[in-house]
Every structure is written in structure tokens, then in C-alpha cells.
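**Student:** Since chain A is already given, all that's left is putting chain B on it; use the hints.
Protein chains: 2
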Amino acid sequence: MTYDIIVKNCWVFNSFLKKFVFNDVAIKDGKFAYIASNIDSESAKIIDGNNAYMIPGLIDIHMHIESSMSIPNCFAYSVLPWGTTTVVADPHEIANVAGKEGILFFLSQKTPLDIYYGIPSSVPATNPDLETTGGIIGIDEVKDLLDDPRIVCLGEVMNFHDVCYKPDSLSANIIKICKEKRFQMPLEGHCPKIDGEKLQNFLFQGISADHTHQTYKSVYEKITNGMFLEIQRKSMTQDVIDCLMENNFYEYFCFVTDDVMADKLRYGHLNELVALAIKMGMPKEMAIYCATFTPARRMHLEDRGAIVPGRIADFILLKDIDNFKIDKVYKRGIDVSTLNYEQAINIPNKFLNTLHCKKANIEDFKIKIEGNKALCNIMAIEPHSTFTTHQQRWLNIKDGILDKDDLVMITIFERYGKSNDIAHGLVANAIKESGAIASSWAHDHHNVLVLGTDYEDMVIAQNELLKMQGGIVVVKDHKIIAKCILEIGGIVSSRLIEELGKDLENVREAIKELGYEHDNEIMSIATLSLLVSPALKISDKGLVLTKEQKIINLVEEVR
Amino acid sequence: MTYDIIVKNCWVFNSFLKKFVFNDVAIKDGKFAYIASNIDSESAKIIDGNNAYMIPGLIDIHMHIESSMSIPNCFAYSVLPWGTTTVVADPHEIANVAGKEGILFFLSQKTPLDIYYGIPSSVPATNPDLETTGGIIGIDEVKDLLDDPRIVCLGEVMNFHDVCYKPDSLSANIIKICKEKRFQMPLEGHCPKIDGEKLQNFLFQGISADHTHQTYKSVYEKITNGMFLEIQRKSMTQDVIDCLMENNFYEYFCFVTDDVMADKLRYGHLNELVALAIKMGMPKEMAIYCATFTPARRMHLEDRGAIVPGRIADFILLKDIDNFKIDKVYKRGIDVSTLNYEQAINIPNKFLNTLHCKKANIEDFKIKIEGNKALCNIMAIEPHSTFTTHQQRWLNIKDGILDKDDLVMITIFERYGKSNDIAHGLVANAIKESGAIASSWAHDHHNVLVLGTDYEDMVIAQNELLKMQGGIVVVKDHKIIAKCILEIGGIVSSRLIEELGKDLENVREAIKELGYEHDNEIMSIATLSLLVSPALKISDKGLVLTKEQKIINLVEEVR
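In order, the protein sequence lines correspond to chains A and B.
Residue 147 is where the first sequence starts when you use the numbering used here, and the numbers rise one by one after that.
Residue 147 is where the second sequence starts when you use the numbering used here, and the numbers rise one by one after that.
For reference, chain A alone in the conformation it holds in the complex:
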């Protein structure tokens, strides 16, 4: 056999021995073909590894491309340099905005990165009585999607209660149809803080992975009950890493990114988690194994994830492996730095100009009410999580208008042209300065969310957002101080991550300038409308008590 490329003089990672072996690696047709010492082939191109470490490309099996605010085509070029060569994406957000059509739009994009998909299992996250979305993924959509071989799993099943105790629910029926049509396909779960018999009831349904926040106890309980764990950065605490190491759980977990936004993506991706794991004391061989071999096996993508003959020639060269500093990345044997970026400019019209709500005026933000004072339900932001707490407070009524005092007004405009509903809420611990933020990147329903202390600024922000037809706008002192355009479905962009990331960074800085204090300001704002996370959230239908899945009024009582 003749070979196309020979990578010479490398410490090649052997996933089965879990050690590095000094070898040459021959590549043919984009696959590893022959690994031995001193391979000679006259016709082959030579890459001199020069004693570098050679490891398989990283594989990220739980992530959302929309978190990068990008589309697959652009996303691909942003993560390849970080060594991520395969992802399994859950297109949950584009499905909320554009349904099956949105997923097919993602699937249609050819990228040098290999992107496989999970079927979003909770679109909408709740139900049409609680939130208006652009699309619904029901049984028929799931059936159709299961015919596509790039679908490799059912995406994170969230609705624990429906799955376990309501056999007629949509979630339960989606699981049923997956088992019928593709009984070997992995079913991914989302089960934070569920343990004991409840956890086992969830697993009983056939769900066998979780990627949510873990502790020592949850890792131990979930893995010993047969779950495959997908460890994301927020779970990388010393006790979790110790649990994985002490119990030799290396075969039963992998690292995943879940959500990495455009601004952060400019500095790293899954590689950062591998570096962190090594820094936290995990042997580098095992950290690499769990970012390459175990994720591939979990998703039945055994055509990759190791440097052995027959597997796809995705690999990384590194000199400083202890700090996991990536020098070169190769996708199917091709140096990714030589790839010509082909921007997806042909965005179908149906995914553009998708914000179908009225232009706001100042009256839209005033809550008209008769009386002296009103007892209001308030969403209080927590600075380190996407949770809110539910509080109540008496507010004054002045000239028939509710005085929000030091609180922040939040208004949702239904934007799919279905009901044109407008809903109001009040937020504590959000922006402190005078100003406003408008966003159509608002999980999961992605209606138009406007947050502000100044009504005029809110009008300016909302109007600008409609002009942009998607994205995030920050207004202070009646001036637009930052914006990030997300022109596709109002949630993603076809611009390069470099440019997009810079805009997003500006937006983030501007939000901070308004006095918003949070570990992740943008995610915090976006999840004020996420109806599956505690405790009080908001949609176009109004305030929702998320545990009870019940709409409540902003004003509880008037005196």
C-alpha cells in the first residue's frame, strides 16, 4: 500500500496502552493507515513532528452551536484551531426558532468539522400555553429526523416528571419512537439534582447520560447506576475530578463544552477543559482519553477517537503537553490553518427578518393600574447561576402607573407573529444604572426581551433590535453603546467568530457598565425567559412559576 502523508518522529498517543509511543504515522485517504517506526514511502508528503506529542482530535459530544451565536459553517472554522475535530450538536435553539426547518438548515451546511446531531427533545421547553415558539419538534418531526444518519442521539431529555410518570406525554412518546426506530441510539439526559429512586426512575426509561452540574456524590451515584457522564467546566471542581480518578471511572465519562459563547470561543474550546483537568491532577493520558476515545465510543463513532489504522486522521501536535498548548491541528490529514474559509453567504430568506413584533413606544413599558399600591411578584437574579428566586414586594402606584422603584422592568414581545402578546415583569439584582438592553437571544423561546431602568432607553433598544432583526443591543443615556447583530433567526450570525466575538465582548462590557453583576451576564439575561430553570421566569404569556409550570400575575394584590 502506498500512503499520502507520513507524520514522522512523534510521541504517538496509543489509546489502548494509554501511553505515548515514539513512531511514524502514515495516512491515506484522510484515514490513519499504518503506524510503525521509520515508515518510508517515496510518494508521500512528509510532516516532521520533530519529537512532538501526537494525539487524536478532540471530540465534543454535548454542545449547542447556537451558544456560539454562530452557524455550523462559521463555528467549524473557530473550533478546529483549538483541536476540536468532531462535535455532536443539539440544535435546540434553532429548533425553537424555526422548527425542523431550522435543524435541516444546520444539517445542510457542509463544514470541514464533522458535525453530528442530537434530536432536540424539548421544543418547546414547556408547552404552547406557557410560551410561544417558532417551531415545535413533535413525533412526526422526530420520525423524519431519525432517518438521517447524521442524527446520532436523542438530545438532552429534560422533563423528568413527564418522562417518568406521564407515559402519554410528548417526551415519553419521543423516547418511545426513538427506541422503536433506532433501538441502539443513545438517549441523552438532563437531570441536575435528581438522585435516589427518582434518578433510577429516570434511567429506567432508557436515558443513560447526563451533562449537568455534578458533585462527588452525584458522579458516584450516576456512574455506578450506569450513566455516562459528560463533564462540563462548571462540574470541574476538585471533588468531581477526584471522584473520577479515585474510582477509576475513566471509561464512563468525557469532557464537553455545552455552551461557549462567541467572545470566549476566541480563546479556546474543549482544549481548555483538558488543560484544566491536567492542572487539577488528572494524568494527561487519561484527560486526553476522555476527550477523544470515550466520547467517540459513547456516540458509536468508532471511526475516530484514536490513532490506529482505519480511523479518521484527525490529530493534534503539541510540544508542551503538560500545559496542553496546541501547536498544530490536522483534520483528515489536512493542516486546519491552511483551510480556506468558505462563508455561508446564502442564507435562505425564511431565516432572515424573523422578528415579527410591533415597534415599541414608551407606553408599552408603563404598567397602568388603579389604586395606591400593588403587591408584585418579582424575579430576583442570583449572581452565580441561571436561577432566580421568587420574591414579593409592595410598590407604589403614581398617576395610574406602577412605580418600579429601584427594580428593573422586563418586557417580552411575542415575535413570531402568532399572538403579538406583550408580557411584563420586574427584576431585582439586574442593571443598576439608567439604561436598557434588548435581546432576541432569549432561551428557549427567543422572543424579544427588553430589560431596562429607563423607558425611553427601552424604546430605543427595542427599536434598534427590530432594525437589526436579531441580536443584543445595549443603550445608556439614550445612546446605543453596544450591539451584536444576530441576523439568522434572531439568534445566530454568519459572521466570523473573530468579528462576532468582538461585538459580543463589547455588549458584555456595556452590560457590566450598566451595573449588571453576574458570572455570565449574557447567559443570565437570556435565561430570565428559560421556563425550565428555577424559580420565577417570564415568557410572552407572562410570569411563570417554573416548578409548578403555572402562569402568575405580576400584580398579586392592589390596595
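Just so you know, the hints here were simulated from the structure itself, not pulled from any lab data.
Just so you know, same-sequence chains aren't split out, so a pair can sit in one copy or run between any two.
In the SDA-like style, the derived pairs of lysine to any residue whose C-alpha atoms are separated by at most 25 Å in a straight line are:
(1) 246 to 322
(2) 322 to 294
(3) 325 to 292
(4) 322 to 295
Quick caveat: nothing in here was measured; it's all calculated off a predicted structure.
**Tutor:** Then chain B, alone, in the frame of chain A:
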């Protein structure tokens, strides 16, 4: 949640900790549902484990049901008591006899054992110029079979040379169509004694498992090059077991049975390999893991292979675990000793009366030839393998008939009614006494094979075999001394293994009585016609040099 069954007071094997934990196990709808200490449920049936060990049901992912000379329905009841609760069968023999129809006949049988299938990749083993078979599995048949979800792999790909170096060959095209239609499906290989660059060339094609005879060196080389190894009994030498243990290769291999005949099946199945591994020094936890968890994962059957919620409730109870003595076996929570055997009596007519060759007379066995002596090509049987060596010898010609001297005559009658060819050969080291054996269980083409020292006995044996329409007959001193009827396709029976095994044991003893000396007499005779095993074999087309894949004459030269 309420449960159907609670197994109490067991040392339950946890596949993830690789240790036993004292617990109760609740079962619902045939699946494990809840594992905890002291589970109470009023309505549940209680099984008191009484401090027994509880392990998952055994999973055998490389085996041929036809080796048991049985059909799936009967086979199922014979292996369940030995703890085998799932198999992946390669229906290679029934496909040789009856093509895709034969495979569909196997697939159509409902059994309490879960049987998944591989697509036989080499039917015929060589090509129609070298052997006549009843069926061919070509591209169209593979395409059709890939639509069935019970097909979980491509069965052992044997033709190393075609796969690696002939992209237009049937083998190469079968692999191609599998990758196109089911890119995640495992491709199983058969590559004895192939190593170095050739082995890697084979793996390059996407084949990633081997179940043939291994040594320390082959295990190390194959696993570190990414192969999953399926260890059968003949590979269970101390050096192989040591290699697996020393290198901590437990995640990359499993135990398989490959071929277990009806007589042997009465005494055990995959359980014997687990017992042997423990006896040879493998920790019992790891031996169990590699007969349950790793085979399930290899075949993407992650709905079984561990005692955790959501997996199928197949399990075994044992008191004496060090000797691996099985006390009770449960399939989907049901004690297999309580299963009512439903014999498959409705065998479609097309699979009966399938021996379409002429009734032999004594002239059929005489080789007529002019001259004084003839240089003949002879197949010499090796007593410890299925190989023959190719020898040559001068034999006398008496009255125009070749005198076979102390050699044994072998005659093949084409039996599919296609050519009605008759081919002759001579065998050394076969039966020593006067007598004959006739068999239609003759790998892989399963034409009628008659072996004998006495022509009259050969006639009696052949005629009796036609009367039986399949099986094996042994004749001595003009009397039938043993027979085993295989009435379906001439290779399998619907009788119970108990009865079938007794007949086969009698046949085996009768063959020994004729002076046949071999580790496995029946397999030795049957593989005299196996054209993919060294060195000189025979089909209805004549003698075949198997390495060269070339027909040669019995008589090389006459003087």
C-alpha cells in the same frame, strides 16, 4: 413507582465499580428498575437471593447457531440454562445452504433468548467456480438485510486479500455498502496469522474485531492497533490470558464461543469460558465484565450487560462464584427453568428435503484410469487443527481402477441440483478401519461428503443420508452404527439439543470406532471441504489448493 419483582439479599455485581455490593434489585416490565438496600413493595413478587452473587446474563457476540446443528428456537432453550441470555449469531451456514431466505427463516423465529445477527460476509466462502452453494449473499441481499434492526454487525470478513487489495471485489463492495447505509455498525473480521503492515491494511478498511486463534503477540498487536478481540476457547492459553491481564486490556475484549456442537452444548456454553478464565487467574470481576459489559458495548447493545436501572433484567444467581457454578438464570426477570419450550414444528417445506443428488452406487466411488500407477494429490489431516497438508504419492492402478491403498476415499456429490457434479479425493490420517461416513454438514458449501475405506459401506452411508435428507451417518461392516438426522437444509434440526446431542455423541463415538483420531472428529471431517483453510481441500468442483484458490486434479501424472 411500583415494581413487579424484587430480588433480595444478593451480592450484586456493579460493572462500573467492578465489585459486588450487597443490595436488593427491583424489576419492572422485564427491566432492572431500582437497586438499593431493603426495597419494599407490597405487590412485588420476592425472589430471595439468600446471599448469592447476582451477575448480568452472559452475552456471546460471535457464534454460529448452525454449529449446534440446531435452529434458533431450539438453540435458545439449550443455552439459557447456561446463563447465555443474548447472542449475536452469524448465520453463515444457513446462508450457504439457503441464501437470504435461510437468514430470514432464522430471523423469523421468536425465541426467549435475544438473538441479534451479523450479515454473513462470505457466502460463498470462495466463488461459484470453486464451489456450488445453495445461496449467495451479494450486494442486493446485504442492502435488504441492513434494513432489519436485528442486524447489528457485518459478520466475520475473511477474504483479507480481496478486502485490502481488490476494491472491486464482492467483499470490498459489501464493506462499502455497510459503511454507506449504517456507518456506525461494527464490521467484524477474521484474520488469523496476519500481522504487521498487512494487519494494519486490513484494519484500514474499517474492520475492527477478530475472533480467531490468538497468541500473546497477536493480542498485543491487535488490541494496540484498535481491534476488539473476541476470545474463544482455543485462544485461552496462559500467555493470552496473561497478555490481557498484564496490559489491562479488559475494555477491549470479550469471550465468545464461535462453534459449540450439540453434544458439547449439553454440558455448557459461554459460562465454561468464564470459569476457565477465573481458573487461569483472571479476577472473577473482570472475567464477568468481559462476558457481559464489553460484548454488549461492542455491539452497541447498551440496553443490557449490567445490573443498572433501564437495562434488560437478564441475570444469573451463583453461590460458588469461584468455580462459576450457575444456580439460577433469569431472562427479563423470568426464571428460565420455568419457560415452556415451544418447538418450532412449522418448518417451511422449502427447507426440507434439500438433498438433490443421485443415489450413489458402487461405481461412483471407483476411480477409473488407464495405466500402471498414478501420482496423486492427497489431503493429509492434522490431528489438532482444521488444516490439511498437501502431499503427493504414487498409487497403483489395478484393472483400470485406482488402488487407494491405505488411504481414504472422499467423494463430494453436488446436492443443490445445479450441476450434479461428483468430485473425488484421497485423504491420509482419516479412518483406519473398514467403514464409511456420509455427511451433509460439510463447511461451507454443505454438499454431500462421503468418506470411506470400503466402497460398499460408502454406498450404504450415502443412500442412508439421502433417505434422512441431511445429517451424518456412520457405517461399519455394512451396518449403520450411528446417525444424526439434520433435516433442515441438511445441516440443522428442530429436535431438542438433549436428543440431538445424544445422536451426535453416538456419531462421534462411531467415528472414533473407525479409528479417526482428532481433537474434534466431526469438525475435522466437515472442514475437509472448507476452501478458506489451508492447504488442500475438496468441493463438488474438485480438489482446491486453498492458498492459490485453484482447482487441481486428483491425478497429477500416470505411468
